[in-house]
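Undergrad: Listed here are the chains, written in short residue letters.
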Amino acid sequence: MAIESDILVVGGGLAGLTSAIAAAHEGADVRLVSYKQSTLRNASGLVDLLGYTPDGDGPLPDPYEAMGDLPEEHPYRTVGVDTVREAMGLFDEVTQYEGGHTDTNALLPTHGGTVKPTARYPSGAAAGLASDDRDMLLVGFESMTDFDAPHAAAHLDAVGAPFDVRGVTVQFPGGLRADAKVTRYAKLLDTNRDVTVRGRTRPIREALAARVNPLIEDEARVGFPAVLGDDRPAEIRADLGQQMGADVFEVPMGPPSLPGLRLEDALFEALDESGASFETGNPVVKYEGDGTLERVFLEKNGARIPLSADQYVLATGGLVGKGIDSDRERVTEPVFDCHVPHPSDRYDWFDTDVFGDHPFAAFGVATDEELRPLDGGGEPEFDNLRAAGGVLGGYDYAAEKSGSGVSIATGYAAGLHAAAEAQ
Amino acid sequence: MASTPHIAVLGGGSTGAGIARDLAMRGLDVTLLEQGNLTHGTTGRMHGLLHSGGRYAVSDQASATECIEENRILRDIASHCVEMTDGLFVKRPEDSEEYFQEKLQGCEECGIPAEVVSREEARAMEPHLAKDIDKAIIVPDGAVDPFRLVVANAASAQEYGARIETHSKVTDLLVESGEVVGVEVEHTSGPGKRVHGTQGGTEEIYADYVVNATGAWAGRIGDMAGLDIEVRPSKGVMTIMNVRQVDTVINRCKPKGDADIIVPHETTAILGTTDEEVEDPEDYPEEQWEVDMMIDTLSELVPMLEEARTIRSFWGVRPLYEPPDVGSTDPTDITRDFFLLDHEDRDDLPGMTSIVGGKFTTYRMMGEKISDHVCEKFGLERDCRTAAVPLPGSEDFTVMRDYMEEFGLRSPIGRRSVERLGSRAEEVLGTDRPNPTVCSCEGVTRAEVQDAISQSGSDLNAVRIRTRATMGNCQGGFCCHRLANELHGDFDQRVVREAWDELLQERWKGQRHALWGDQLSQAALNYSLHATTQNRDHDPADGDPVDFAAFDGGLDHTGGSAATDVAADGGRHGD
Numbered sequence: 107m108a109i110e111s112d113i114l115v116v117g118g119g120l121a122g123l124t125s126a127i128a129a130a131h132e133g134a135d136v137r138l139v140s141y142k143q144s145t146l147r148n149a150s151g152l153v154d155l156l157g158y159t160p161d162g163d164g165p166l167p168d169p170y171e172a173m174g175d176l177p178e179e180h181p182y183r184t185v186g187v188d189t190v191r192e193a194m195g196l197f198d199e200v201t202q203y204e205g206g207h208t209d210t211n212a213l214l215p216t217h218g219g220t221v222k223p224t225a226r227y228p229s230g231a232a233a234g235l236a237s238d239d240r241d242m243l244l245v246g247f248e249s250m251t252d253f254d255a256p257h258a259a260a261h262l263d264a265v266g267a268p269f270d271v272r273g274v275t276v277q278f279p280g281g282l283r284a285d286a287k288v289t290r291y292a293k294l295l296d297t298n299r300d301v302t303v304r305g306r307t308r309p310i311r312e313a314l315a316a317r318v319n320p321l322i323e324d325e326a327r328v329g330f331p332a333v334l335g336d337d338r339p340a341e342i343r344a345d346l347g348q349q350m351g352a353d354v355f356e357v358p359m360g361p362p363s364l365p366g367l368r369l370e371d372a373l374f375e376a377l378d379e380s381g382a383s384f385e386t387g388n389p390v391v392k393y394e395g396d397g398t399l400e401r402v403f404l405e406k407n408g409a410r411i412p413l414s415a416d417q418y419v420l421a422t423g424g425l426v427g428k429g430i431d432s433d434r435e436r437v438t439e440p441v442f443d444c445h446v447p448h449p450s451d452r453y454d455w456f457d458t459d460v461f462g463d464h465p466f467a468a469f470g471v472a473t474d475e476e477l478r479p480l481d482g483g484g485e486p487e488f489d490n491l492r493a494a495g496g497v498l499g500g501y502d503y504a505a506e507k508s509g510s511g512v513s514i515a516t517g518y519a520a521g522l523h524a525a526a527e528a529q
Numbered sequence: 229m230a231s232t233p234h235i236a237v238l239g240g241g242s243t244g245a246g247i248a249r250d251l252a253m254r255g256l257d258v259t260l261l262e263q264g265n266l267t268h269g270t271t272g273r274m275h276g277l278l279h280s281g282g283r284y285a286v287s288d289q290a291s292a293t294e295c296i297e298e299n300r301i302l303r304d305i306a307s308h309c310v311e312m313t314d315g316l317f318v319k320r321p322e323d324s325e326e327y328f329q330e331k332l333q334g335c336e337e338c339g340i341p342a343e344v345v346s347r348e349e350a351r352a353m354e355p356h357l358a359k360d361i362d363k364a365i366i367v368p369d370g371a372v373d374p375f376r377l378v379v380a381n382a383a384s385a386q387e388y389g390a391r392i393e394t395h396s397k398v399t400d401l402l403v404e405s406g407e408v409v410g411v412e413v414e415h416t417s418g419p420g421k422r423v424h425g426t427q428g429g430t431e432e433i434y435a436d437y438v439v440n441a442t443g444a445w446a447g448r449i450g451d452m453a454g455l456d457i458e459v460r461p462s463k464g465v466m467t468i469m470n471v472r473q474v475d476t477v478i479n480r481c482k483p484k485g486d487a488d489i490i491v492p493h494e495t496t497a498i499l500g501t502t503d504e505e506v507e508d509p510e511d512y513p514e515e516q517w518e519v520d521m522m523i524d525t526l527s528e529l530v531p532m533l534e535e536a537r538t539i540r541s542f543w544g545v546r547p548l549y550e551p552p553d554v555g556s557t558d559p560t561d562i563t564r565d566f567f568l569l570d571h572e573d574r575d576d577l578p579g580m581t582s583i584v585g586g587k588f589t590t591y592r593m594m595g596e597k598i599s600d601h602v603c604e605k606f607g608l609e610r611d612c613r614t615a616a617v618p619l620p621g622s623e624d625f626t627v628m629r630d631y632m633e634e635f636g637l638r639s640p641i642g643r644r645s646v647e648r649l650g651s652r653a654e655e656v657l658g659t660d661r662p663n664p665t666v667c668s669c670e671g672v673t674r675a676e677v678q679d680a681i682s683q684s685g686s687d688l689n690a691v692r693i694r695t696r697a698t699m700g701n702c703q704g705g706f707c708c709h710r711l712a713n714e715l716h717g718d719f720d721q722r723v724v725r726e727a728w729d730e731l732l733q734e735r736w737k738g739q740r741h742a743l744w745g746d747q748l749s750q751a752a753l754n755y756s757l758h759a760t761t762q763n764r765d766h767d768p769a770d771g772d773p774v775d776f777a778a779f780d781g782g783l784d785h786t787g788g789s790a791a792t793d794v795a796a797d798g799g800r801h802g803d
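Order-wise, the sequence lines are chains A and B. All residue numbers in the first sequence are consecutive under this note's numbering, ending with 529. All residue numbers in the second sequence are consecutive under this note's numbering, ending with 803.
I should point out that these hints are in silico values taken from the structure, not numbers from a laboratory. Hints are not guaranteed to be accurate.
[Claimed, not checked] The calculated lysine to aspartate or glutamate pairs, modelled on DMTMM-like cross-linking and capped at a C-alpha distance of 20 Å, are:
1. B:597 x B:611
2. B:737 x A:337
3. B:737 x A:394
4. B:363 x B:349
5. B:737 x A:459
6. A:428 x B:349
7. B:737 x A:463
8. B:737 x A:451
9. A:142 x B:349
My request is simple: use the sequences and hints to build the entire structure.
TA: Right under this line is the structure:
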């Protein structure tokens, strides 16, 4: 006998979580299963809606305005602008992100010193907005090779940021090894453990502030790499800010990204509160059904556990998350073997320029208006399967800066469609 | 004629660097000119095989004999560049027994230690060999890092007073009264570009003698003085695997053929190769079928390659040469021997000799021969010492173990650093500053990167070939920006940004031939990290000014938002 639910969501990233939360809020009985760590640990934690048009125009101040002109196959066109707004409303409701007060994109400094347009940002990044004209001090740590504060500051200056920005490098107090992981920094700050610096013992936050204080001239805000705590980031920022007499913010970084992991935690918490059930760490390895999905099988400790649902959502990610796979011959969707349109010659999958127009970036399933994946003949693969997020084709999230927005919007839409069908 | 002849050596590959070192050690004034980075041409595009000579033991015994002699010398003088892996010539059931015996006998005739092993013995050495192979011959093949070797030769030449100019393209030969008297050079390094060496501008370099060691480009140099140097460039593909599927060089034991060798190299294995004549050493097709053939054919020897992850492919051109009267039609028939073309004897144009043909393993011997030739021109009697004096980094390689102790380098990262640096380890790693890892795939630390920057300036590709940073699985996805960060301070942000972009582009180039499966996934991640997280594809510093005022300025400018946050979300996730 199979474990049953109204809706089974396969995939635990931004799209899967949003889908499951949206469906659960509709009253459906939802189960979410995910296999690997989600790609949120690679993501900056910023939530981009649309920063550039597919032609490269931008940065766009208003992401919604440009959505109507996107190509027809773009997922935003499939779900419609109103649904995108509703989906962002749900996101704002279940997280503590900022940016929801306006339709306008924000610009945030990147750890390399550029700025990027984004629609929602964690409160930890809020004081770092590049469109805010207060002077800025960036502080890097000597051993942290991902963020060189003087370099980032010089770059921000070259970008034309409307404020004075300086960068300084300090040693992180507490004698961390040169190769310490970002989570080690975060943990030390979370626990505010005592450290001894030049014979003086005091809590690490105080020691860090004492180290930075003499370097602050009259900057109103001070940015650190995104390592300011895992469990207690707001408290750490407030603590540091008070001791330094400035607003403190984090500059998002690459993997492993604490802001990405914090977002994942927040969404799992919201999923839990919504009453949905979930389990992680086991792959879906097989399905049964022809035209209609009957059940799937989860591989767990060598056994195959059947799970059946009325409706299914596929949210396994794109090439990065392995929701889309390939070999030398072809591109595939490995869970349900849905059709993935792609050029037959693999030398037509990429452009020769590193930031060229890469066809691979848009690999994914094509869907009908209800987000049901279509087979090669344009018919739904299954009448009760919908797809959301990175597994969808037809858009280049990296070039457009639209990844999180598409995941949230299509996850939301797929969740609502599934919930409506299941009841 | 000056009392100390000044020799201009053209070409910064293994041959040019080897000649420059040899001549400098003999007390001559040397200027080495290279159009790109050291190893820019053929040398940087080889599979890293240190030949035992076994490969040529049937077809080209003169080359085979030279190989085994030089193989022994390089183990001594370049120990920090060489890994003695041994090699196997593997016979499959469909390969001829007659050829197997010829190979064995050829090795014996050329003085190459060779021993037959059974299928079971071969598979005990290399468990991933196909189950149905017949048997194999063991020979002393090895792996050599061509980048490290050439850099060490150039560094040594410099220590003996040579001037080394990279990114300096020869634009003309200076000919006066029917004699080559120097070269005209364009230096492409300079402010706002890569910064190192002589910066910018055109320079006329007068020399008492010119040595043309530009390999596949030798014909181009010849053209500048109306000389006909018929180098026959022949391309070959090499495909890099993400791990070492084998720890021994694996050769297919058959007469000749494409895709017949696997070389374990540092953390990777390199599959090779093809041999196909091309017109232009810089512009030739790089095709999908060549990569597929490497994987499909070599899977006959090592079946797991069929499913393994490749990280990139690259092509090199061999500067093959044969005397005009031979007329081979197939490039695999052309000898791997080298030739000195004295243009005075050959073309009535004194002042220059070209060296063509040859192979990487015998670069030192070629350097010796041409240096003898040059010294003879000037009536100098100076002995060649390059076979006896170790290269910088290999002076006392046994000290490696001591360094491991001294620096507490027990970790794989430290171990690899010391292996790369050899006897230079103390000088480079002896820092009292934190020394974090910059490239995790290859275990390259800040101290090594800074050392490379001090040698090569802002050119991150030159840093790459010195350290191996960005050459692992992620192909720079996680470390290009970290390398760029290491430049800042010594160089201003524009130079840094351009070096960064150039490295990203270079790393992308070879990956294009490996874009399926895991490496396509990696490429998508790299693209995402650079475009999404960093917005490198739309860097406003390179584009139109941004209207900052048109964007969200935030809810609250007045400060204190941190304090209200605590009340709202103190300690909560998702903030």
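Undergrad: Given the hint that residue 363 of chain B pairs with residue 349 of chain B, test it: the Cα-Cα distance must not exceed 20 Å.
TA: The given pair, whose Cα atoms are some 8 Å apart, holds under the 20 Å limit.
Undergrad: Can the restraint linking residue 737 of chain B and residue 451 of chain A be considered satisfied, given a maximum Cα separation of 20 Å?
TA: 18 Å, holds
Undergrad: Does residue 337 of chain A sit within 20 Å of residue 737 of chain B, going by the straight-line distance between their CA atoms?
TA: Violated, at roughly 42 Å.
Undergrad: Holds or violated: residue 597 of chain B with residue 611 of chain B, Cα cutoff 20 Å?
TA: 11 Å, holds
Undergrad: Do the alpha carbons of residue 737 of chain B and residue 463 of chain A lie within 20 Å of each other, as the hint requires?
TA: 15 Å, holds
Undergrad: Could you grab the alpha-carbon distance between residue 737 of chain B and residue 394 of chain A and see if it respects the 20 Å cut-off?
TA: This hinted pair is violated, its Cα atoms lying about 43 Å apart.
Undergrad: Is it true that the CA of residue 737 of chain B sits at most 20 Å from the CA of residue 459 of chain A?
TA: Judged against 20 Å, a Cα distance of about 8 Å means the pair holds.
Undergrad: Sort out whether residue 349 of chain B lies within 20 Å of residue 142 of chain A, counting only the CA atoms.
TA: 40 Å, violated
Undergrad: Please work out if residue 428 of chain A and residue 349 of chain B have their alpha carbons no farther apart than 20 Å.
TA: 40 Å, violated
Going down the numbered hints, you'll see the structure goes against 2, 3, 6 and 9, while the others check out.
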